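Engineer: Residue-level listing of the chains:
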Amino acid sequence: MRRVKGGLGHQLRAILVLAWLNGLLPIIRSPLWTISTLTMPISLLVLLTILYKNVGLVMGIVGGLIWSMLSSGTALIGDAAYYRLELKFQQMIVATPTNPLAYTVGLALSEVVFTLPGIVLFAVLFTVITPVDQWEALRVTLSLVLLWYSVSALAFYSSTLFTYIRYIWAVASLLTLVLGILPPVYYPAIYLGRMWWLAYLVPTSSSALIIQDAVGVVHYSPLQVNLAYLSEVTWCLLGTVLVMRVARWRSS
Amino acid sequence: MRGLRRSFGDKEVLRGIDLEIDYGKIAALLGPNGAGKTTLIRILTTELMPHGGEAYVAGYDVVRQTGEVRRRIAVVPQDARPITYMTPYEFVYSYLLLRGLPRIDARRAVRDSLEELGLWDVRKTPIYQLSGGMTRRVLVASVLASNAEVIFLDEPTVGLDAVSRRVVWNSLRRYSSSGATIFLTTHYIDEAELISDVVFLIDNGLIVARGSPRELVESLPGKYVVEYPATINSDSCIKVGDLCLAFVESLNEIHEGALRVSPKSLEHYVLITIKSWGENYEEG
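If you're matching them up, the sequences are chains A and B in order.
According to the working numbering, numbering within the first sequence proceeds without interruption in unit steps and concludes at 252.
According to the working numbering, numbering within the second sequence proceeds without interruption in unit steps and concludes at 284.
Do not take every clue at face value.
Interface residues of chain B toward chain A, partial, derived using beta-carbon atoms under 7 Å [as the list claims (entries may be wrong)]:
1) 47
2) 48
3) 70
4) 71
5) 73
6) 77
7) 98
Everything labelled a hint here was simulated from the structure, so no lab data went into it.
Just so it is clear, the structure is predicted and the values come from calculations on it, not from any experiment.
Backbone N, C-alpha and C fix where the C-beta goes; we use that ideal spot for every residue, glycine too.
Extracted from the complex, chain A is given alone in its bound form (with noise of 0.2 Å):
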């Protein structure tokens, strides 16, 4: 019998391995998913931009970079519920060597393949209409891969918490809503008044906060920002947490 490893090299390798299969083979076997996931940005951008002229387009370009993360996580917590629920799938993975963190990361990054034409076409559109330098990129940047770590951990976790594929549609939709809609992602936190701080309460909006204060579109203070970043981080340290301790990859 041949002994199997499971270190951080093969960790890393089921990462990519889960990416590809999840994520590169049906792209490549069916590409028509890839735009199915731009409509409701693109409509979002369109409208605003309508709207409200300039601001609208740049809140529209922002909105557009959040909602790609964000729907990478939606779509993550249908592909495990169905690879848990329906394939069985997860139940053949938790007997090999690959840990629930590396099945997460994995399964999330094959979601961000999914959705990368968006993350392209609004990348492109950043850097078109809003040009930043190079450190405000860099904080858009790790804004938004907090920000998909953060979501995907938790969608994998919420998946892991249905018995029965069908309600996870529905919480799906709801957590478009929830996440992408109603807090301050399309608009700036300051229209929330004295609530403001409600921006905190979610990853998305936090994550709008720092992209809408890098690229000016909106004023915000240090402390707001470096607050939003403490507030990226620990969706992040909780996600992780809730995937490692919480997660329903072994069942208490």
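Go by the hints and put chain B onto chain A.
Structural biologist: Frame of chain A; chain B shown alone:
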């Protein structure tokens, strides 16, 4: 494993399982729906925590040494299906990479396994275009290619035709001859009788019988089993559902009203040993 227990809510599904399987053996777990077969597999494959007792797989504790256990096992869960937009080659290959096999070894193992299970010619066909039997064989090919020390198969041949079942049986035999242990659950008693070295009967969360298929059959009295309707008024037969089974030495002992006569078999042993036929409907 010793005294393994597991409950779901108020229902105690496993009530103290004791069993031991030697290396290189094929063990079959037989029992009615809801008896605890799947729960036992889920615990042994580290997917479900037990609530009591202890279990070791390949010498490692399934609770405290999960990492060591997971490196040595592979499982086909009950009702599992491969990812259907993938081809058999892609599915088995990616599973092996997720199990930690080097790419060169994985490629070789995929080829061997697909050839053995009669899937090599359709290796590039999307799984959704394959028959149900072939789809199931893709899963079996995955775990048999894994080179794991212990393989768990939860009802691996459900839905397979007679030829496909034999293909799988031959592959399991070949795999176990390399020194690996195979633990499978099945509802097909003939399957357990034909391929397993040892059979365990589970009923209401307890192992109620164990032994080689031959030993269990030999423990039955007589040579033949006569099936009568349960309405027959006789103390010499054992009631099982709508039937009453009488064990006789000679065909001369058959009385009027007999429905069927057959040589005694593992199926008869199972029928009279299990007490809870049709009582459970929940996950087991």
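Engineer: Checking against the hints above, which ones are violated?
Structural biologist: none
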